[in-house]
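Following the hints, put chain X in place on chain S, whose structure we already have.
For the record, the sequence lines run as chains S and X.
Residues in the first sequence are numbered consecutively from 1, following our numbering.
Residues in the second sequence are numbered consecutively from 1, following our numbering.
Quick caveat, the hints were computed from the structure, so don't treat them as lab data.
None of these values were measured; they are calculated from a predicted model.
Beta carbons: idealized from backbone N, C-alpha and C, even for Gly.
Where hints are given, some of them may not hold.
Stated by the list, open to error - Distance ranges between label pairs, derived from CB positions:
| # | chain 1 | residue 1 | chain 2 | residue 2 | range |
| --- | --- | --- | --- | --- | --- |
| 1 | X | 148 | S | 107 | 23 to 31 angstroms |
| 2 | S | 245 | X | 157 | 39 to 47 angstroms |
| 3 | X | 143 | S | 227 | 20 to 28 angstroms |
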Amino acid sequence: MSRPIASLRRPAARRVAAALAGALLAVATAQTPALAGDRAYVTSQEAETLSIVDLDRMAVVRTIDIPGKPAGIAVSRDGRRAYVSQPDSKQVAIVDTQAGRLIAEVDVGGGPLGIAVHPSGAPVYVADWYSHSLLLVDPERRAVTGRFETGKSPSGVVVSADGEVVVTADRDSDQLSFFAARSGAVIARVGVGERPFGVSFSPDGKRVYAANVGSDSVSVVDAESHVVLRTVPVGSHPYDAVETMGKVFVTDQYGGSVTVFDPANGERLGQLDCCDYPEGIAAGSDGTSVYVANWFANTLVRLDAAGLEETGSVDVPDGPRAFGSFVGPAPATADEAGARKK
Amino acid sequence: MFRAFAALVVALFVLPGIAAAHGPTRQKASDTITIDAAPEKVWAAIENFGDMSWHPRIAMTDASKGNEKGSVRTLGFKSGGMMEEELSKYDADKMSYSTFIGHVNTDLLPATNYSSTITVKPADGGAKSEVTWRAAFYRGYPNNDPPAELNDEASVKGVTGFITEGLEGLKKKVEAGS
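Chain S on its own, in the form it takes in the complex:
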């Protein structure tokens, strides 16, 4: 009996109030960087699932079964498709993120691991651990349509934001390969530390980071001159690195930490004792948060990129790896953004 009878009798007033509240919420949404409408797509290798996480609420909104020990993840720029490498079944899964459904599995053979998608939506690049090449998968035809020759056992793969360059971390050749994203022409082969695994671009596209599992360091490479600018020591067995707010965040698998350093001088800014075998790492769209797949603890952890502290966590199924750029816009948010542009 606690319903507000007065307002029930005055529907017009209620509508005004609702509209006002909506307007306030819209303003709040626009001004609160935390409500970025981002989704994380977290592969859980042992559980064989993909969790879709609403990062504003740090809540799992959907769990999709993905067979084949899923590991690598890529999200299309519009947030509508997620691509997952399935090393055990030698496939790439295509997920409709809006429907929350696995819509196709493309046979690629070999040992698919690292994965990235071109900003235009195609092709999908898949690092093949066995054939020492980067496979090009056409998501419409659902077939391998080409391959670029990498070094040995390519693991991480990343495409520049402008869609011009694709880079692989060739783990067993201790090098990065830079290719022209469309033609596959080799731009450079760059020697880095031992066993580079994860690879990423800085937000301004000027630098590339390689996490060297074997030498506990991150190589900072100039994306244009391909010179190794510096090699920064980090924690034990680094997995991947990402830059946001002018800081580089590195997951130290065995160290159980996230090492933070300044890319301009390599100076260490912190080492967060946040995790147990942290693996995949990605920044939110507004750059203020960093998300970490915490493999042992079965969680996705949120770190504040400014304060360098943990600000949230959500449980996910067993063995989260989330290897790749696993954060993307919610499909609905992408729709609204598209509508606003028109």
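Using the frame of chain S, we list chain X on its own:
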């Protein structure tokens, strides 16, 4: 002895192949035990990396550089056989240390690339302790089609047994006051 030698051969020549074979996926095992003693007392029983006598399976331990990071301890098993384990992280304030075994003797532990962390935390307001031991590793057979005794399930079962027995041994030792 031959089996131990064979395991060593496998470790030396097949393990590098792990890099090329993505077949096996990393496994995990963990256990936690509550011990009826203050954390300081429990930590005192395990803080010396060169002394694993609290584990019922271990007959002898010898560490090269004590509790210094990078110190390697040789574990002699009561069942026979040896294994070398490296200290990768040591934090006395947090009562925690981490170890790594690159070449596991799979006769003793059916796993490879084993890493572990043991941590003592206060429980019941500091009157008791909670000890957690966690390990991450790959199965004992690094290639595809592993034999049953060296597959994923066997590795999890084997490592879990090693951990649980160790924690129970530690509890017994500390609670007996020895």
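Taking the hints in turn, this is what the structure says about them:
In this structure, residue 148 of chain X and residue 107 of chain S meet the distance hint of 23 to 31 angstroms, their C-beta atoms being roughly 29 angstroms apart. Here the CB-CB span from residue 245 of chain S to residue 157 of chain X is close to 45 angstroms, well matched to the stated 39 to 47 angstroms. Range check, residue 143 of chain X to residue 227 of chain S: about 39 angstroms between beta-carbon atoms, so the 20 to 28 angstroms window is missed.
Hint compliance for this structure: hint 3 is the single one not met.
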